[in-house]
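Keeping the supplied structure of chain Z fixed, place chain Y upon it in accordance with the hints.
Below are the chains, spelled out letter by letter.
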Amino acid sequence: MRKENNEELDKLFKMGTEDPINEPVFREADWDAMEQLLDQPKKRGGIVYWLPRLGGVAALMLLFLGWLLLKPQVVKHNDNQQVATVHSNPDTGTSGGTNRHETADSSKHKILNPAGYAQTAEHPGAGKKTNRSFPYQPGGPAATLPAKAPANGSNVIANANADGRKPTMGDKKELGTADANKTNSNTLAANTTITPDKKELGTADANKTNSNTLAANTTVTPDKKELGTADANKANGNTNSLAANAPKVKVKTVGQANGTNHAIFALSAIASSDVNGTSPLSSGRMGGNFGAIFSISSGKWTFSTGGMYSIKPYDESFANYHTAYVFQTNPTTVGANCRMIDIPLNVNYQVYKQGVNKFTVGTGFSSYIILREDYTFNYANAYYAQGPAGYSVVNRNRNIMSILNLDATYERRINSKFGVVLQPYMKLPLSNVGASQVKLQSTGVAVGLSWNLNSVKKPD
Amino acid sequence: MGEEELHQLIGGCIKQERTSQKMLYKAFYGFSMGICLRYANNRDEAAEVMNQGFYKVFTRIETFDRTRPFKAWLGRIMMNVSIDYYRANLKMAYTDDLDKAEHLSDGDLTDRKLNYDDLLRMVQKLPPAYRTVFNLFAVEGYTHEEIGELLHISPGTSKSNLHKARQKLKQWISDADSSAAKGNFNNGMDYSPIVAIKKANVHGVYFDKNSRE
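Chains as they are written, first to last, in my numbering: chain Z, 1 to 460; chain Y, 1001 to 1213.
Fair warning: there could be bad hints in the mix.
DEER-style ranges, computed between Cβ atoms [to be verified]:
| id | chain 1 | residue 1 | chain 2 | residue 2 | range |
| --- | --- | --- | --- | --- | --- |
| 1 | Z | Asn22 | Y | Asp1065 | 26 to 34 Å |
| 2 | Y | Gln1171 | Z | Arg398 | 40 to 48 Å |
| 3 | Z | Met15 | Y | Glu1045 | 32 to 40 Å |
| 4 | Z | Asn432 | Y | Gln1171 | 22 to 30 Å |
| 5 | Y | Asp1065 | Z | Ala292 | 51 to 59 Å |
| 6 | Y | Glu1003 | Z | Met15 | 21 to 29 Å |
| 7 | Y | Lys1015 | Z | Ala292 | 52 to 60 Å |
| 8 | Z | Gln437 | Y | Gln1171 | 44 to 52 Å |
| 9 | Z | Asn432 | Y | Glu1145 | 21 to 29 Å |
| 10 | Z | Ser298 | Y | Pro1155 | 36 to 44 Å |
| 11 | Z | Lys439 | Y | Gln1171 | 48 to 56 Å |
| 12 | Z | Leu371 | Y | Ser1154 | 55 to 63 Å |
| 13 | Z | Asn432 | Y | Gly1002 | 50 to 58 Å |
Taking lysine-lysine pairs in the BS3-like style, the calculated list, with each CA pair at most 25 Å apart, reads [claimed, not checked]:
| id | chain 1 | residue 1 | chain 2 | residue 2 |
| --- | --- | --- | --- | --- |
| 14 | Y | Lys1170 | Z | Lys14 |
| 15 | Y | Lys1159 | Z | Lys14 |
| 16 | Y | Lys1015 | Y | Lys1071 |
| 17 | Y | Lys1071 | Z | Lys14 |
Hint data in this document are derived by calculation from the structure and do not stem from the laboratory.
We treat Cβ as the ideally placed atom computed from N, Cα and C, and that holds for glycine.
Here chain Z stands alone, though its shape is the one from the complex:
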């Protein structure tokens, strides 16, 4: 009885409201509003076409910039680098070079081992206590560095005098300078060429990160002594080997206090626009992201994580849409809009850094916590369509560590605390995403502001 009542009520309203006699009368004002709607200019979708290409161009520009800046440059003093300039004789104990001065004994000249050096009676430093806190390199010609002789053949000496004075030679001395500068590495060579009556000494050090080694060779003629002393100087954990009382060589290493690198913690605010879609990204739609990233930098490596709120709209063919619902009429395409939290876990490697500019490349994984998914079904012909217009899923799906991140990052420091970041990136799915179970890709460019939480000042 109640059911019949309901059916009658439904029929009452169906017949009453669908009666064509009672259709509303036309109003001209409604047509005027319709005309305004038709006259509105169409929105441009060009940005969707250009954004992935612009992102690719930005990535290529970063790579080119990194290559350009990584080209070999003239060595210069740098606060971040140890630099030692010495004059060395390329001949002594080496494969040779110009201005070779060899004596009958030169071939026999060998770099003394520390013990031998210390025990050399005629060595001015033999009887002295030396402060050696670093291991010596085993002696040998391999320890020497390429050195160039002075153009005029005269003696050009620097940092090679046991007593602080320029070494003097009886007749000739050939010195060559040897410079080798690498990031956090020093090469020190001190060679003193000796006339036939004198012995050649050649020293060469290969310096590794935060350490210097110096092999000092000293051969002494009956008349003269050549010195190439090596002293270990400790200064806050840095070790330099120099000739005694030789001019100082500055050693400065950022972040180095006790012989180790400090980790730098940073917080970044990031915003980005990206194009989202299934493979390929030809019909991608633009979305946005914003959030915060926390990073830890140690040496050339940076580890980062954080949280980004992401809006990812995309279109897909209904053939790629997965659902248990049986459509009476299949849609042709499905429009989707996903809102999610993106939690990345990335590692970046610094490929270049000079001054305030830094360039890194990185990879990692992201996790998607999908908050909401809205799907809209587009039918080929509305008349045929007997099915839903859309569907929503709320807070149901997760993709844990199943999105591959690729990025190239350019950072420019404004001061010791702040810097700006530019980062083209790609997100490639390793598994299906969301309720529709599609391979959702994203390509975009992020910009941000970074804040070093514990910037380290350079030691004097």
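Using the frame of chain Z, we list chain Y on its own:
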């Protein structure tokens, strides 16, 4: 409008001729507005929704299969646009329009029968959530499962909303009947029809006892 004339108008609309567009708009204005009025709160709102629907018609008319009835295709678009409008205003989905209730019971129906406008006003008085479900179920003929997909609600919610809609409509019809009976121009006759339909069509529908034959 004849079939040939309709196809000519459609051809002109495909070419985006403004004259053809206006003629098509006027020809199907009443039909489209009638659909939108059932889903909207008032005439102006319905006009806005209807224009959104016609915008889709004019921009997608080249996809229309001319072997099929145009009116059905148009009606489908109007319904979808109305549902989209409802979903876009979900925060007001369960708000009762008390003003309309007062307006209706105060006297709109005291001296006349319920007609199209009265029924329409009753439907518009329903909260949007109830109104939309009632329209889709009672007028359009969708199942609760299909309504759930369309409105992103569960079938249970659809049934609940339909039940509440019916309750309200019945109550208003009863109230309207009572008001009409108080001001009965038949001078004491124990019933008077409250809607302009045959009594046989409403057999079994609950009314005030005095209205029954």
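Evaluated hints:
In this structure the hint that asparagine 22 of chain Z and aspartate 1065 of chain Y lie 26 to 34 Å apart at CB holds, the actual value being about 30 Å. The beta-carbon spacing between glutamine 1171 of chain Y and arginine 398 of chain Z, approximately 47 Å, falls within the hinted interval of 40 to 48 Å. Checking the proposed 32 to 40 Å range against methionine 15 of chain Z and glutamate 1045 of chain Y shows it is violated: the Cβ atoms sit about 24 Å from each other. Judged by the Cβ atoms, the range 22 to 30 Å given for asparagine 432 of chain Z and glutamine 1171 of chain Y is violated: they are separated by roughly 50 Å.
Checked against the hint of 51 to 59 Å, the C-beta distance between aspartate 1065 of chain Y and alanine 292 of chain Z comes to roughly 52 Å, which is consistent with it. Taking the beta carbon of each, glutamate 1003 of chain Y and methionine 15 of chain Z are about 26 Å apart, inside 21 to 29 Å as hinted. For lysine 1015 of chain Y and alanine 292 of chain Z, the Cβ-Cβ distance of about 53 Å falls inside the hinted range of 52 to 60 Å, so the restraint holds. Our hint of 44 to 52 Å for glutamine 437 of chain Z and glutamine 1171 of chain Y holds, since their Cβ atoms are close to 47 Å apart.
Remark: the range hint 21 to 29 Å for asparagine 432 of chain Z to glutamate 1145 of chain Y is upheld by a beta-carbon distance near 26 Å. Between serine 298 of chain Z and proline 1155 of chain Y, the C-beta spacing of about 57 Å breaks the proposed range 36 to 44 Å. Judged by the Cβ atoms, the range 48 to 56 Å given for lysine 439 of chain Z and glutamine 1171 of chain Y holds: they are separated by roughly 53 Å. At about 20 Å, the CB distance of leucine 371 of chain Z to serine 1154 of chain Y disagrees with the hint of 55 to 63 Å.
A C-beta distance of roughly 52 Å is found between asparagine 432 of chain Z and glycine 1002 of chain Y, which places it inside the suggested range of 50 to 58 Å. Annotation: proposed proximity of lysine 1170 of chain Y to lysine 14 of chain Z holds, straight-line Cα distance about 15 Å (limit 25 Å). Simply put, lysine 1159 of chain Y and lysine 14 of chain Z have alpha-carbon atoms about 18 Å apart, close enough for the 25 Å limit, and the pair holds. Straight-line distance between C-alpha atoms of lysine 1015 of chain Y and lysine 1071 of chain Y comes to about 20 Å, which keeps the hinted pair within the 25 Å bound.
Distance hint between lysine 1071 of chain Y and lysine 14 of chain Z is fulfilled; the C-alpha atoms sit about 17 Å from each other, no more than 25 Å.
In the structure shown, a violation is registered for the earlier hints numbered 3, 4, 10 and 12, in ascending order.
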